[in-house]
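A.B. asks: For reference, the chains in residue letters:
Protein chains: 2
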Amino acid sequence: MPTIRFLPHEKKIEVPDNQLLIRAALEAGVHINASCGGEGVCGKCRVIVEKGQVQDGISEKLSAEDLEKGYRLACQSKVIEDLEVRIPTESQIDTSVLNMQSTPRRRARIEETNLEELKEKGLFMPPVEKVYLELPEPTAQDNLADATRLVSFLKLKHDEHRLVADLPVIRKLPDVLRQDNFKITATLARPVHGGRKTRIINAQPGDTAGRNYAFAIDIGTTTVYGQLIDLVDGSVLAQYGDFNAQISYGEDVISRIVYAEKPGGLERLHDVVVGTINKVIQRCIRRARVDPDEISSITLAANTTMTQLFLKINPRFIRRSPYVPASTLYPPLNAAELGLELGDHVTALVYPAVSSYVGGDIVAGVMGSGMYRTDDLTLFMDIGTNAEIVIGNRDWLACAACSAGPAFEGGGIKFGMRATRGAVEDFSIDPSTWEPMLFTIGNVRPKGICGSGLIVMVATLFELGVIDNLGKFNRDLNTPRIRKNEGIYEYVLAWQDDSQIDRDVTLTEIDIENLIRAKGAMYSGCMTLLNEVGMGIGDIDRIILAGGFGSYVDLEKAMTIGLLPEIDADRVTFVGNGSLMGAKMSALTNRIRRDVVEVTKKMTNFELSETPSYMDNYVAALFLPHTDLNQFPRLKSRMQARKAAGHLNG
Amino acid sequence: MPTIRFLPHEKKIEVPDNQLLIRAALEAGVHINASCGGEGVCGKCRVIVEKGQVQDGISEKLSAEDLEKGYRLACQSKVIEDLEVRIPTESQIDTSVLNMQSTPRRRARIEETNLEELKEKGLFMPPVEKVYLELPEPTAQDNLADATRLVSFLKLKHDEHRLVADLPVIRKLPDVLRQDNFKITATLARPVHGGRKTRIINAQPGDTAGRNYAFAIDIGTTTVYGQLIDLVDGSVLAQYGDFNAQISYGEDVISRIVYAEKPGGLERLHDVVVGTINKVIQRCIRRARVDPDEISSITLAANTTMTQLFLKINPRFIRRSPYVPASTLYPPLNAAELGLELGDHVTALVYPAVSSYVGGDIVAGVMGSGMYRTDDLTLFMDIGTNAEIVIGNRDWLACAACSAGPAFEGGGIKFGMRATRGAVEDFSIDPSTWEPMLFTIGNVRPKGICGSGLIVMVATLFELGVIDNLGKFNRDLNTPRIRKNEGIYEYVLAWQDDSQIDRDVTLTEIDIENLIRAKGAMYSGCMTLLNEVGMGIGDIDRIILAGGFGSYVDLEKAMTIGLLPEIDADRVTFVGNGSLMGAKMSALTNRIRRDVVEVTKKMTNFELSETPSYMDNYVAALFLPHTDLNQFPRLKSRMQARKAAGHLNG
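Residue numbers (this note's numbering), protein chains in the order written: chain A, 1 to 650; chain B, 1 to 650.
It is worth saying that the hints were derived from the structure and are not from the lab. Note that this is a predicted model, so its numbers are computed, not measured. Hints may be right or wrong, so weigh each one.
Same chains, same label: a pair holds when it works inside one copy or across any pair of copies.
As the list claims (entries may be wrong) - In silico lysine-lysine, BS3-like type, Cα no more than 27 Å apart, as pairs:
hint, residue 1, residue 2
1, Lys447, Lys78
2, Lys643, Lys11
3, Lys312, Lys447
4, Lys51, Lys12
5, Lys12, Lys44
6, Lys155, Lys197
7, Lys44, Lys312
8, Lys601, Lys183
9, Lys44, Lys69
10, Lys197, Lys602
11, Lys183, Lys643
Just chain A, same shape as in the assembly (with noise of 0.2 Å):
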C-alpha cells in the first residue's frame, strides 16, 4: 500500500493502490476545494506531487507550464506508488484547525454470518437436511410399503424419529425407489420443535445428498435481494437484487395498502413481487448453474405489509388506528402454492413480525445479528424507507417504529435523491473560504444529495459553526454559497456549472430541518424505548445497523448531527441487510426457527404515538445534536476547544 504525506499538513496516510488522490486527502482529513464530485470539470482539486508519480491527473484545465510544476487535478489522479503532495495556497487552511476537523472517517466495521462459529457450535443444522439411503429390497418375506421402509430404514440406521412422507413424495416413491435399485436420497425437513414430525419432502434416485441448496430472500418495499445458500457448506452460490416491481404501485408501504384495497389491486400487488422473487430466483440459479430441482427450502424476511401483500393478505387494517396486522406467525407454506417457480417440494418458512410496523424484517435482523444471544444492551437501528429500533439484550427486548420520515433516504430533500450516481456522498468545507470539497456516487459532477451526504454536511456545517444547533445558517459569514433563494437560506454546493443538472445543487434549511426532524425521531424513540425500561442511553454497549444506509453512514458524523448515540466506533457494526442476513441464518440453522417464535413473543411493541413520554423526547431532540449536550461529550469537548481557539462561528 502506497504512503502519501500531505503537505504543508504533515499528514500520512497509507492508500490501496489506484486509489484516487482526493479520496486520500479527504481519509487524511485534509481538505481539497472540489466542488464537481470529481468528474475533473471544476478544475479546483489542483494539488502539486513533489515527490513520486500519480497515474493520470492531467487536464486542460492545466497549462503546460501547470504540469512542468507538477500540479495534477486530485480528483483524476491514482495513487501508484509513494508520494509527497502540496495542497496549494487556494486550499490551504489553517492547520490548527486542520487538526482538529480531522476526525477519521469511520464507517461501521460490516459483521458476517459466522459460519465456522455456527459449525464449531453444531448449530449448522439446515431446516432442510438431504440423506443419501442404501435401502434393503422387498422380498416375500420383507414386502413392507415402500414409505414404510423408508421411514423403518431412516428409524433404524439414522436415528429418525417420528417421520411423515408428504402425498407428494409417496406418489413417486414406488418409481424412484426402482429407478437406483432402492438407493435414494431423501430430503427431511425439519420440525421447529423436537416432539414434532420430522416430514420426508421429497426421494430422488441414487446419491444428491452433495446437492442441496436454499434460498434466502428479502423482501424489501422498494428492493428484492435474493440468495442462493449451498446448504452442504454453507456459502452463498450467488446473489441479486432487483426493485420489487409493486413500486409501479406506490413508493411507500402506505400507497400499497391502499392499491391493494382496490378490487383486485390484493392479487395484483401478490402476483407482481411473486414475479419479482421468481426473478431473483431465476437469477441466482442462472448465476450458480445449479439443478433447479436441488432447491430444498427457501426462507423470507420482510416488513409487515411486504409479508401481507407477498402472502396475499389484504393489510387494510395496518394502516387504520389500532393498526392491527392479520397475524404475526405464519405456518410453514408451500412454495409452488404461493407462486414460487420451485419444486413442489419446498417448504417456504416465512419470518414472524411484531406488529404492523416492526415487520419481520426487523426480527430477521435481530435473529441475524445475534442480539436477542448477547449480555449487552445493544441498539438495533434499521434506516430504510422507515426506520425501524431495537433494544435490549437476551433478557428484554423492546421495539418500535419511528415515522423518521424519508429524509436519510433523500425524500424531502431539495435535491435529496437515492444513493446512486451523482449523488453527493461525502463533503468537507474549507472554513476560512467556506469552499467545498464533494465526493459523488461514480466520481461525476453532482446532481443531488443521498442521505449519507446530508448527514456528513449538516454535522460538518453545524461543527464548523456554519449552521447553528437550531440548524440555521450563519447569516454572517462572507460567501457567495450562502444565499437566500425565494425567501429560504441555501448552501450552493455546486454552481449549475459543475453540475449535472440546469441549477445549482443546493443544501437548505428546510432539507436540514427534515434531517433534524428525522434523526430526532430515531433518537427520541430509543430514549423512550429505553426510559420506558428505566435506563438511558448512556448504557448502550453496542449499536447495530443495519438498512443500506448504514455502510455509507459516517460513524462520528452521525453522532455529531445526535442521530447516533455517542458511542466508541469499535462497538458500531453494520449488518448490511438484516432480513437478508436473517434469512439467510434462518436456511443455515433450524436453531433460528426454535429461537424466533420466542424473541418475537419478548419484543415488547411500542408504539410511541401512543408513548407519552415520546414526545417530550422528541422536542428535546429537535435541536444538533440535542437540546442536552451532556448526552454528547465527546462533541462537548471538541466545540470547546475549537471555541477556546476562536474557530467557531457564530
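Place chain B on chain A using the hints.
C.D. replies: Just chain B, lined up with the frame of chain A:
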C-alpha cells in the same frame, strides 16, 4: 305381531304385520313347494287358511272352488292377523324330517356405532370442532395481530394450546372478525397426539358452532357409500351409495391396476372415482339440506388399490410380487386439493392400510367394530369382491387376504348374479319330492343365484344328502330336477316357465365346486392365522361379519358348508359396511386416529401364498364342511340323527 300355526306340523311362529305367508313358513322351518320366487306364477305354494284371514293371496291359479275351501297362494298372502294354515299334501313331508330340518333362520345380529357409549366414555370428540368466541376488540393499548388475538383468547379462555392458524384463515380473519364485532366461530382440527399442534382451519363470523358436519366415505371397488354426519350430536343426516364409476375400466382391482398403468390411466381413474365421491357428497348435502360451508372434515376408507387410485398414486407394484403398496400411512390431506368439492379448509383423513391386500377398509372395520379393544378372541371377516380376515383381540391381531374368488358375489357360478332383484336368496327342498321352495329378492321370478342363496342351497342339499361332502349330486334320486347337461350334473331350481329368463335356472356341480373352493380359502385362511399363533378354530369367541354379503347369510347354513366355524349364533354380529362404519367412527372420535396407528402396526400380515401350512389347510377344507367333521360338532350330531332316522341319502 300375529301368530301363525302351521298344520299338520303344529309349528307356531310370530311374524310382523304384512309378512308374506311363504316367508313366515320358511322362518318356521315349514317347506312349501315354490319355484317362481314369489311372483305367483307357478301356483305351487297353495296353502289352506283354516282360521283367520290373509290379505290378497288370490290368483287365477286358484279356482272358485279352491278359494271357497280356503286355498291361497302363500307367496301372495300377507299376514294381518292370527292364522291357522294347513300345508296341503303336495307340500307335506314327513314331520320327523321337517323337525330335524327346521334349523331356524339365524342372521347375524346387527351392530351399530354406539354413540351413547362414546358419549358416556367422553370419547365423542370429533377431530374437527367448532368454538364460538366473543373476542375483545383491539384498542391502541391492545393491538395484537388478529390471529394472535384469536390464539391468545383460545389459550386463556378455552385452555387450547399449541395452536397454529392456517394461511387461508389468516387471509380471511381480518374481515371475518370485523363482520360481527369480533364475534366469530373458529374451527379447530385436533392433532392425533396431545403434544402436537391444533390447527385453526376456519373462521366464520357470528355463532355457527351448532352447524358442524363431517363426511364418512367408503370407497369400494364396486360401490362408493357416504354418510353425512352431524358432529354436534353424532347423528347421520343423510346416506347415499352409488356405483364406483371406475367400474367402466374393470370389474376388480387387478383390472383397475392394469388400466392405471396405461398412459393417462391413473389420472383417469383418479378423476372418475373423485367424481363418484363428489356425486355422493352432493346427494347427501341435498338430502340433508345442510350448508356445504359447514362441512369440516371427511374421512375415507378403502382397500389399498382404491386408496392409491383416489390419491393418484400409481398402484402398479400392488399386483407384482412381492406386492408392495406405496404407503400404509397417509398424512392429513386437503380435501379440495384432492379434487373433492368441499371447502378449502376441509381436512381429508384417509384410513391407513396394513398391506397391498389388507387395506384401509379392513382397518376401518377393525376400528369401527372395536375388536381391537376386547379380550374375546374375535374373527373379523369381510366378504366382498375380495375377502379378508382378521383374527385377534386387544393383545394381538393377525390378518390375511384370501383369494376366495368371486363366488360369494355370484362370480364363477353359471347363473350367479349380484344380490339384486330376481336373485334366489333363500331356498328349501322337499326331501321326498325334491321340489324346491325359492325366495328371490323382490319376490319376482328367479333369474339367478346370489351368494347368500348359493350358501343356503348347498348347505340344504348337503344336509339332506342331495350332494355329498365333495359337492357331487346323488345320482340315484328320482327327480327330473337333477340331470346331466352337457356332461355336468345340475339341479333345476326353476324351469324356464317359472323363471325370468329363456332357460331353466340351475345349480351345477361346477358352481358347487367353486363355492367349496371359496369357502375353503376363507376357512383355511382362518386356520392358518390361528395355527401361526398356536391356536385353533375352537378358540374363537366371536365372529364379526362385514361386507354387503354378511347381512343376508344364514349363519347356520354358512357353518354347515364350513364357511364359518361353528359357534353360537349369538356370538356372531354383523357390522354391515365395516369400512363406512370405521370412517364414521373416526369422524366422531379423534381417539380412533391415535389408536389406528398402533393397531395397524399390531396387525401382522400373512401372505397366505407364502405361508407353508396354508396349502395343507386349504386342501383339508375342500370338503363339506371339512375333512375333519369334528370341527363341526353340531352338524355332526344332526347328521348322525338324520342317519339314524334313515333319511340320509347318499
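A.B. asks: For Lys12 vs Lys44, is the C-alpha pair at or below 27 Å within one copy, between two copies, both, or neither?
C.D. replies: Only inside one copy: Lys12 and Lys44 sit 22 Å apart there, 130 Å across copies, limit 27 Å.
A.B. asks: Using 27 Å as the alpha carbon limit, work out where Lys447 and Lys78 are close: within a copy, between copies, both or neither.
C.D. replies: within (24 Å within a copy, 107 Å between copies)
A.B. asks: Go through the copies and call it for Lys643 and Lys11: within, between, both or neither, with a Cα cutoff of 27 Å.
C.D. replies: within (24 Å within a copy, 131 Å between copies)
A.B. asks: At most 27 Å between C-alpha atoms: does Lys44 with Lys69 qualify within a copy, between copies, both, or neither?
C.D. replies: within (16 Å within a copy, 141 Å between copies)
A.B. asks: Could you place Lys155 and Lys197 in one of the four classes (within, between, both, neither) given a Cα distance threshold of 27 Å?
C.D. replies: both (13 Å within a copy, 23 Å between copies)
A.B. asks: When Cα atoms must be at most 27 Å apart, do Lys197 and Lys602 count as within-copy, between-copy, both, or neither?
C.D. replies: both (26 Å within a copy, 21 Å between copies)
A.B. asks: For the identical chains here, do Lys44 and Lys312 meet the 27 Å Cα criterion within one copy, between copies, both, or neither?
C.D. replies: neither (55 Å within a copy, 77 Å between copies)
A.B. asks: Is it within, between, both or neither when you check Lys51 against Lys12 at 27 Å Cα-Cα?
C.D. replies: The answer is within: 14 Å in one copy meets 27 Å, while 136 Å across copies does not.
A.B. asks: When no copy is specified for Lys183 and Lys643, does a C-alpha distance of 27 Å or less occur within a copy, between copies, both, or neither?
C.D. replies: Cα proximity of Lys183 and Lys643: none, with 80 Å in one copy and 67 Å across.
A.B. asks: Checking Lys601 and Lys183: alpha-carbon separation at most 27 Å within a copy, between copies, both or neither?
C.D. replies: between (44 Å within a copy, 25 Å between copies)
A.B. asks: Taking 27 Å as the upper bound on the Cα-Cα distance, should Lys312 and Lys447 be classified as within, between, both, or neither?
C.D. replies: neither (39 Å within a copy, 62 Å between copies)
Checked against the numbered hints given earlier, this structure breaks hints 3, 7, 11; the rest are met.
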